[in-house]
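Since chain A is already given, all that's left is putting chains B and C on it; use the hints.
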Amino acid sequence: MSPAPVGLSLKVALRLLATSGLAVAGLSGPVWAQQKTITVATHYTDEQMRPLTACFRRYEAENPNIRIVHQQATFRDFLQTILTSRIGGRSPDIYNVYSIWGVQLVSNGVLAESPADIIDFVRREYEARTVDAATVDGKIWGVPAEVSTYLLVYNKNLLKEAGYSAPPKTWDELAAMAAKISKADAQGKLTVAGYAFGPTPANAVHPFRTLLFSRGRSLFTEDLRSTNLTAPEAVEIVTKQAEMFRQNITNASIQVRDFPSGSVGMMITANWFKDTLRQGLGDKFESTVGVAPIPGGDDWRTYQYSFYYGVDARSPSKPEAWRLVRWLNTPSEPGKRSCVGDMLMTMGGLTANKADIMASQAEVNDPFTRPYVEAISSGRAISEKNVPQASEIEVTIRGAIEEAWLGRQDPQRALSAANAQIESILREAR
Amino acid sequence: MRMLSHKAKTAQADLPKPRDATNAGTTAAHARTGRKWAVWIVKYGILSLGAVIMILPFADMLIGALRTPVERLARPPVYWPAIPQWHNFIRAFTDLPMLAWLTNSVIVTGAITVVQLVTSALAGFALAKYRFRGQNLILRIVLVAQIFPFFLFIIPMFFILRYWPFAGGNDWLGQGGTGLLDSYLALILPFAVSWYGVFLMRQFMLTVPDELLDAARIDGASEFGLFWRIALPLVRPGMVTLGLLVWIYHWNEVIWTMTVTRAAPELQTVTVGIQLLRSEFFDERNQSLQQAALAVSVIPVIVLFLCLQRFYVRGLSMGSLKG
Amino acid sequence: MTVSALRLNPAKMVTQKTAPYLFLVPVLLFGLVFFALPLVASLYLSFTSWNSLVAPRWIGLANYEHLFTRDPLFLKTLLNTLVFTVGVVGIGVPASLLLAGVFSRSRYQALWRSIYSLPMVTNVVAVGFIWWFVLADPWGVLNRLLALIGIAGPAWLNDPSTAMIAVVMVFVWMHLGQNMLLFSAGLGAIDESLHEAARIDGASEARIFWSITLPLLRPTILFVLITSVITAISYFALILVLTEGGPVNSTNVTALYIYGMAFTDLRLGRASAAAYVLLVVIFLVSLLQLRVLRRGGVEAY
Chain A
1 MSPAPVGLSL
11 KVALRLLATS
21 GLAVAGLSGP
31 VWAQQKTITV
41 ATHYTDEQMR
51 PLTACFRRYE
61 AENPNIRIVH
71 QQATFRDFLQ
81 TILTSRIGGR
91 SPDIYNVYSI
101 WGVQLVSNGV
111 LAESPADIID
121 FVRREYEART
131 VDAATVDGKI
141 WGVPAEVSTY
151 LLVYNKNLLK
161 EAGYSAPPKT
171 WDELAAMAAK
181 ISKADAQGKL
191 TVAGYAFGPT
201 PANAVHPFRT
211 LLFSRGRSLF
221 TEDLRSTNLT
231 APEAVEIVTK
241 QAEMFRQNIT
251 NASIQVRDFP
261 SGSVGMMITA
271 NWFKDTLRQG
281 LGDKFESTVG
291 VAPIPGGDDW
301 RTYQYSFYYG
311 VDARSPSKPE
321 AWRLVRWLNT
331 PSEPGKRSCV
341 GDMLMTMGGL
351 TANKADIMAS
361 QAEVNDPFTR
371 PYVEAISSGR
381 AISEKNVPQA
391 SEIEVTIRGA
401 IEEAWLGRQD
411 PQRALSAANA
421 QIESILREAR
Chain B
1001 MRMLSHKAKT
1011 AQADLPKPRD
1021 ATNAGTTAAH
1031 ARTGRKWAVW
1041 IVKYGILSLG
1051 AVIMILPFAD
1061 MLIGALRTPV
1071 ERLARPPVYW
1081 PAIPQWHNFI
1091 RAFTDLPMLA
1101 WLTNSVIVTG
1111 AITVVQLVTS
1121 ALAGFALAKY
1131 RFRGQNLILR
1141 IVLVAQIFPF
1151 FLFIIPMFFI
1161 LRYWPFAGGN
1171 DWLGQGGTGL
1181 LDSYLALILP
1191 FAVSWYGVFL
1201 MRQFMLTVPD
1211 ELLDAARIDG
1221 ASEFGLFWRI
1231 ALPLVRPGMV
1241 TLGLLVWIYH
1251 WNEVIWTMTV
1261 TRAAPELQTV
1271 TVGIQLLRSE
1281 FFDERNQSLQ
1291 QAALAVSVIP
1301 VIVLFLCLQR
1311 FYVRGLSMGS
1321 LKG
Chain C
2001 MTVSALRLNP
2011 AKMVTQKTAP
2021 YLFLVPVLLF
2031 GLVFFALPLV
2041 ASLYLSFTSW
2051 NSLVAPRWIG
2061 LANYEHLFTR
2071 DPLFLKTLLN
2081 TLVFTVGVVG
2091 IGVPASLLLA
2101 GVFSRSRYQA
2111 LWRSIYSLPM
2121 VTNVVAVGFI
2131 WWFVLADPWG
2141 VLNRLLALIG
2151 IAGPAWLNDP
2161 STAMIAVVMV
2171 FVWMHLGQNM
2181 LLFSAGLGAI
2191 DESLHEAARI
2201 DGASEARIFW
2211 SITLPLLRPT
2221 ILFVLITSVI
2231 TAISYFALIL
2241 VLTEGGPVNS
2251 TNVTALYIYG
2261 MAFTDLRLGR
2271 ASAAAYVLLV
2281 VIFLVSLLQL
2291 RVLRRGGVEA
2301 Y
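Residue numbers (the numbering used here), protein chains in the order written: chain A, 1 to 430; chain B, 1001 to 1323; chain C, 2001 to 2301.
So that you can see chain A by itself, here it is in the shape it has in the complex (with noise of 0.2 Å):
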């Protein structure tokens, strides 16, 4: 997931335009004859991209036959941009993934299998959990990257004011303390949400899956064919969180992009949300972010997914691909961090590479992020096996939450409703 960027830059078009150039000019001149181009797709912003991409410039002095070319989709046109131009037939040598697209693009035959030496280095090089991320049918599918895990931002003065001084511990202590923080005006609309949502659907469906482990439920069934989302603890948190917007503490509009602006006083979010917070924040972020467990009593949990970097199966340098891959993900000495662990530290990101975490304990004990670390390191943040049509499901369940949300339909029956397309879903996959 993308955390939004400051500087625009969509020179991408401009760059591609001028190495797809050279790439035909490759193909036919003998000068160039052994030169290879790899294209390497992500989500991130040329900005983002900075360390990695510099990266890319040294392994090309290093490898004169390789050309490196990123090809950048935003984060909600990536699954889109990927399959479509794969079916158009021009498909980027490496992917970064999203975990939950794995199951589509595995058996689709998108992403092609790991060679053992990677294998090898990923179960040795990384934590357990977040390689079962990038596992589907028990195979390991890429190299794990970004992970990504959910807690309670707060904003400390908004709690200050309405006289707390210590976010909440479970979701009624939430509701309680939001009503107080929230403000409207005088035509009685909402200024300051006490709590805020947002308008995608893991806005929706991540912090409502933290919510359903922490009472011990996951999302779906063991055998993976159905969902919870029809057990009593999830109608009930559903509930909660459309009284919420039946009492004005919330509403539609204000979203967890605006809690810089100070008009939201808590919210469910990830960790890479914390460079948005940053930027928009400037010198006022310490003084005003605060990060706290998930409100789900002592026993909270919350969700964790990551990207990890595969390669496509119908790539005509596979051999070269994964080389790449693996030099990305290397320390390039003992005690410094990987090409890919600088680049996601720098953007504000976590990753699951043991040596990187090593390498970067300055970054990761700031109070901002030790939480999030912690929550991964403690267990406590769960990842969820990997479900065929992920995206389609997320949307589903979306639509549902969203329904109980603004009072169009019972949090029960939206959900049922949802369970049973979900299962159609699940059904036709298999």
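One or more of the hints may lead you astray.
Under the rule of at most 16 Å between Cα atoms (straight-line distance), these lysine to aspartate or glutamate pairs were calculated in the EDC-like manner [as the list claims (entries may be wrong)]:
#1 Lys180/A to Glu243/A
#2 Lys318/A to Glu113/A
#3 Lys2017/C to Asp1214/B
#4 Lys169/A to Asp298/A
#5 Lys36/A to Glu320/A
#6 Lys180/A to Glu161/A
#7 Lys189/A to Asp2159/C
#8 Lys139/A to Glu161/A
#9 Lys385/A to Glu161/A
#10 Lys385/A to Glu222/A
#11 Lys1036/B to Asp2159/C
#12 Lys1043/B to Glu2205/C
Short, incomplete list of chain C residues facing chain B, as computed with Cβ under 10 Å [as the list claims (entries may be wrong)]:
#13 Lys2017
#14 Phe2023
#15 Val2027
#16 Leu2039
#17 Val2086
#18 Ser2114
#19 Leu2118
#20 Ala2126
#21 Ile2233
#22 Ser2234
Between beta-carbon pairs, the in silico distance windows are [as the list claims (entries may be wrong)]:
#23 Asp137/A to Ile1055/B: 52 to 62 Å
#24 Tyr2044/C to Asp137/A: 57 to 67 Å
#25 Leu2022/C to Arg314/A: 39 to 49 Å
#26 Lys240/A to Leu2082/C: 56 to 66 Å
#27 Tyr2021/C to Val1303/B: 40 to 50 Å
#28 Asn1136/B to Glu2205/C: 39 to 49 Å
#29 Ile1041/B to Leu2032/C: 32 to 42 Å
#30 Ser2204/C to Gly188/A: 41 to 51 Å
#31 Glu2205/C to Cys1307/B: 30 to 40 Å
#32 Lys183/A to Phe1093/B: 38 to 48 Å
#33 Leu1306/B to Glu2205/C: 43 to 53 Å
#34 Ile1055/B to Val2014/C: 47 to 57 Å
#35 Ile1055/B to Leu2194/C: 50 to 60 Å
#36 Cys1307/B to Leu2032/C: 32 to 42 Å
Simulated from the structure, these hints should not be mistaken for laboratory data.
Because the structure is a prediction, the values reported are computed rather than measured.
Beta carbons are placed, not taken as given, at the ideal position from N, Cα and C, and that holds for glycine.
Showing chains B and C alone in chain A's frame:
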């Protein structure tokens, strides 16, 4: 076929003269003048209100393009920028591949316009000025085809271009490469013919007198010569009309171009470029730049249109009404 | 025509008899490759299950069956399409007719025409985003203006009960100028002496409008109605930009649903089936309108 009179008639007594009221002796005249004034106020009231609604969103865009990120992040956000940030319009060119986008838009739209003018004029001439077997069937197809919605063609066309034999590295079975998808042709070919354009040109060609063509035939002109030297010059206004319609439509096209160029950024046009950046634009700090980019995408077409609008008006009525 | 004739003199081959066919070659080729072939191909695909990455699998009528029996969203999008169509035609056509009425009797027509044409020459992405800013809640210019007069504006695009209204509003705004110009061209074609005669007979302006102008304008009205309805049923570009079908599918129309089905979920067979269903709807509506049109005494071209 009778050409329509395009000048909408202006009512004669448009504005009642105040002097009339003072000169008029009878109360009836007073009443009549009063009513005329009421009509005048209602008339221009409606038009002005509508005009404000038309312009307001554009003004909002231009004002928005001049704000600073700080003004946007304030609560409430600042509406009127303290210091207009004119350089946002320059940033639209330096921070975004705006020039490449505009170049692509011009190439694609220009090519489609030229090709459609040629195919439509040729077909329109044939359908209007000849009698031949199958003529009615073709004319009927041209009319009916217009109601087939474009979304029906998106999926199959995508794959027809993808599996185009001997193109983009494909073999004769259309396997192995990208077909035409990686080229401008993917954006141009599916619009090489417009059924509406064929019909419109037929309507214009009907106005070419048969006597002129027959006389030229007797003088030994070839059939293509008739088309090129006699018919085309006579329907030049019609060509401009159609050209303008096609240009506006395809400059603004987004669905097909987005589908094809998703993975080919070097082919993206300005509308698609802005659309695909939308999630970056949800960040408030980028929104002034976004609004500047929108303005840049809108202004060339508005200028073109304002210069040629009389042709557009004629085209609208030709396409809609039978003569 | 024989091969030897061709060899003797190619120019002679183009006679008055063969010329029209030659002139029609580009159109016929195009019709074959980009009209007939796609229609047949998507009809075939509609009976298959296909994700484009592996070969299509024939499943008979299962796609159609799924759409009508197991896909509540499909039916919902059909309903949304109906609401959208009725909305934009029901509001857009009378509004543009009214505007055309006053426009054709006003001075400074070039000025008015320029202003009212602005939206129709603006690309749909720009229209969508321009309005996205205007309708933003609570700081968009519309809700700021409403707040000035003490009204708490709705969340527009974020509220499922107002999102469709907003989308219809923007669509009408976008097409108002075009329809206004069409109507004013129609009005311009009406013989002014008829109006004069009625005025001399002492008929009120309202009466003249109802009894003389409207009946004479019927061809234009029907043309605008038909094209507006067809456009509206198959429309989704603006909605894609403005709401992407949300919130909670309240603006998800069938054409948009089909597009996502095809290129996001890669259900190309089912999307083809849905496209055919929508085509049939458009066909039926067009036939119905043509009947009315014929009864109205207007020959179709």
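I'd like to know which numbered hints this structure contradicts. Please list them from smallest to largest. 8, 9, 11, 17, 24, 26, 29, 33 and 35
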